[in-house]
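There are 2 protein chains.
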Amino acid sequence: MTTFARRAERVQPSAIREFLALAGDPRITSFAGGYPDPTLFPIDELHKIYDDLLAKENASALQYTASEGLPELRSLVAARLTADGMPCTGDDVLITQGGQQGLDLTAKLFVDPGDVIVTERPTFLGALIAFNPCEPDYRSVRMDDEGMDTDALEEVLRGTDRVKLVYTVPDHQNPTGRTMSLARRQRLVELAEEHDVVVLEDTPYRELRYEGERLPTIKSLDPHGRVVHLGSFSKILAPGLRLGWALATPEVREKLALLKLAADTQNGTLNMRAVAAYLEGFDIEAHIEDMLPTYRHKRDLMLATMEEHFPPGITWTRARGGLFTWATFPPRLDVAAFQRDVLIPRSGVIVVPGAPFFADRPESHHARMSFSGVPDERLVAGVRSMGALLAEALA
Amino acid sequence: MTTFARRAERVQPSAIREFLALAGDPRITSFAGGYPDPTLFPIDELHKIYDDLLAKENASALQYTASEGLPELRSLVAARLTADGMPCTGDDVLITQGGQQGLDLTAKLFVDPGDVIVTERPTFLGALIAFNPCEPDYRSVRMDDEGMDTDALEEVLRGTDRVKLVYTVPDHQNPTGRTMSLARRQRLVELAEEHDVVVLEDTPYRELRYEGERLPTIKSLDPHGRVVHLGSFSKILAPGLRLGWALATPEVREKLALLKLAADTQNGTLNMRAVAAYLEGFDIEAHIEDMLPTYRHKRDLMLATMEEHFPPGITWTRARGGLFTWATFPPRLDVAAFQRDVLIPRSGVIVVPGAPFFADRPESHHARMSFSGVPDERLVAGVRSMGALLAEALA
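Taken in sequence, the protein lines are chains B and P. Here the first sequence is numbered in the numbering used here, starting from 1 and rising by one per residue. Here the second sequence is numbered in the numbering used here, starting from 396 and rising by one per residue.
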């Protein structure tokens, strides 16, 4: 067989992918997925919407449409972004196949092989998967409870002129749950301008905020058009519709749209019509408000149970939103090995071992744990048995 | 602003994209689109299916699923491919975001910058758009009524060892409507093996067959696993669902699935569930049979009207299926200029000027004309006034 392209070397099975297969097993208690809680999907409203849409006179809902996305949906997304401090019109918005496609398209637009992408340390694994086919080099920048350390970022930017993109999940980050402070957001925009780089702001968890104030997006602080802003309906409506958006300068948006056309022609027309109808006919802000107590409760329950049952020497983040906490174990604990040899066989619990979330210099003594999607009793039982096994392993 | 990646130079607005915008104007008679006839979509059946799917207990239809595609749908597609002479199981099938994504993923898997992709002459414009970001060189191979000339292909393959992919639409090709003969299919497979290249077989129009016998797919003639076979539900169900498939060897399928995961995580779960339910609950083969007379009639009407009203010196293909005829004008007629200066302003008719369908050495005296999607009376009136304007221009 003929050889693969060079980029294929950078395309390898990920740890998460294997766990997601396991997660379908009913004997498994999975803290591994990043799945939203399906009981929170507005399925009755969507039922009504699809029922209306699939009437004989609406055949155009099943036809091709514009590759940038359905114009009504672009306008409705623009209105929400405008309300969130990013004044724009539908023309500025590109509809994407979930947030993931925004990552893929942006990397393709800016990153040549050997160019540097800066990420948080740790960062969203799915972003690395999206970026890898562009064959970038990576530099990861340490984080603390204020998000990416912009002093450390500045060092990286001074050390090389090959940086093209700085990738960040500023709100309730995946995997750490951390939120970048306002001062850091402002500094990031200054540094991007000073060093001529693009900031890729990825905000799938922005609206799942359980406490703390709403901070301005990085895009809203950007006078220079250096920020590509991505968002998604996956966590606020439903991931199975695969709809997200990108907001960028007209020049960048146009290029992203052409790359979108090349990649898959367009998003599904029917789903775009449905989400447009949802935004027009229902109150998505109220829907989001209604979801928050459930997730807040889950977060509180998981953190309290960890507090009670995890042995000393383990720390974890307290996310103000999103779906995740990031646990850090004593460096001698290799979480992947512990999970394989002890946690799965003896408790049926899975988490995501932290190493793949590092763009470079991986550390193996962390885990991402999701508090969504597991019923309360199982959540408590799972964390408790994990705690007992950890106590044993660390004794 | 920071510079774009090198591949962005190959990402430019296409002629078709501009025409598709024009096609929305009710004063325009468009022979330009490749749109299937929306009155043929099985909207009542889909209505019932979405109605069943969006019941409270089916929230998983809105959740994430496997990046390779919904297992039921993969199996159902495999059963159809098996019936079409390509024995396989669901494991061998990757669900894609329409046929277009199969083109994108396959190019990414095999093509490094400077590698050569061989195409038919002319070829599907959307494929060039998909391939371009991989920065290939192109060699186009002449066609006749038996499809790609395999002697000419052999010359190209002997002339360079940089060929990685041979791209073909063997059934009712876009833009020419031509079908590759069995002998050429067999020869293509031999040449691929001999010269160590991959054949990318793209079959969106395969099942829209109005006359002539069903020929074996190239994949079904391939003992070496050198063929990546792509198909799509866009023309046989509805394009707005954005569902297609790729069939390849396990090694290639696995890599394509990883590239799919990187690009957009997965297809829409709800739409995959719906199409699986359609394939299980309804008879898609009967649905396709039912559509054929409409398209056959449109084709016959367009060709007869061209015969009657086009002036001498113009030839066109007689497609045995698909949606297109390819018209060839005297070399002195630049179709793009004629359309801009005469055809649109004086008749409101649009076609797709042929130049962008050539991967190299473009010719400007052809047009792709689609017979689907325009009501009979407008179709006749449009072809007639186009004929009159052509007679004037060529006089």
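Worth flagging that the hints you see were computed from the coordinates, not collected in a lab. Since the model is a prediction, treat every value here as computed from it, not as a measurement. Hints should not be assumed to be uniformly reliable.
Here are the computed lysine-lysine pairs in the DSS-like style, where the Cα-Cα straight-line distance is at most 27 Å [to be verified]:
| # | chain 1 | residue 1 | chain 2 | residue 2 |
| --- | --- | --- | --- | --- |
| 1 | P | Lys443 | B | Lys48 |
| 2 | B | Lys56 | P | Lys451 |
| 3 | B | Lys48 | P | Lys451 |
| 4 | P | Lys443 | B | Lys56 |
So the derived label-pair ranges between C-beta atoms look like this [claimed, not checked]:
| # | chain 1 | residue 1 | chain 2 | residue 2 | range |
| --- | --- | --- | --- | --- | --- |
| 5 | P | Arg557 | B | Gly225 | 35 to 45 Å |
| 6 | B | Ser60 | P | Pro707 | 57 to 67 Å |
| 7 | B | Glu57 | P | Gly676 | 16 to 26 Å |
Just so you know, even glycine gets a beta-carbon here, dropped at the ideal spot from N, CA and C.
Hints versus structure:
Of the supplied pair hints, the one linking Lys443/P and Lys48/B holds, its CA atoms being roughly 12 Å apart against a limit of 27 Å. About 25 Å separates the Cα atoms of Lys56/B and Lys451/P, which keeps this hinted pair within 27 Å; it holds. For the given pair, Lys48/B sits about 12 Å from Lys451/P by alpha-carbon distance, which is consistent with the 27 Å threshold. A C-alpha spacing of about 12 Å is found between Lys443/P and Lys56/B, which places the hinted pair at or below 27 Å, so the restraint holds.
One distance hint, 35 to 45 Å for the beta-carbon pair Arg557/P and Gly225/B, holds here, with the actual separation near 39 Å. About 40 Å separates the C-beta atoms of Ser60/B and Pro707/P, a value inconsistent with the hinted range of 57 to 67 Å. At roughly 24 Å, the beta-carbon separation of Glu57/B and Gly676/P lies within the given 16 to 26 Å, and the hint holds.
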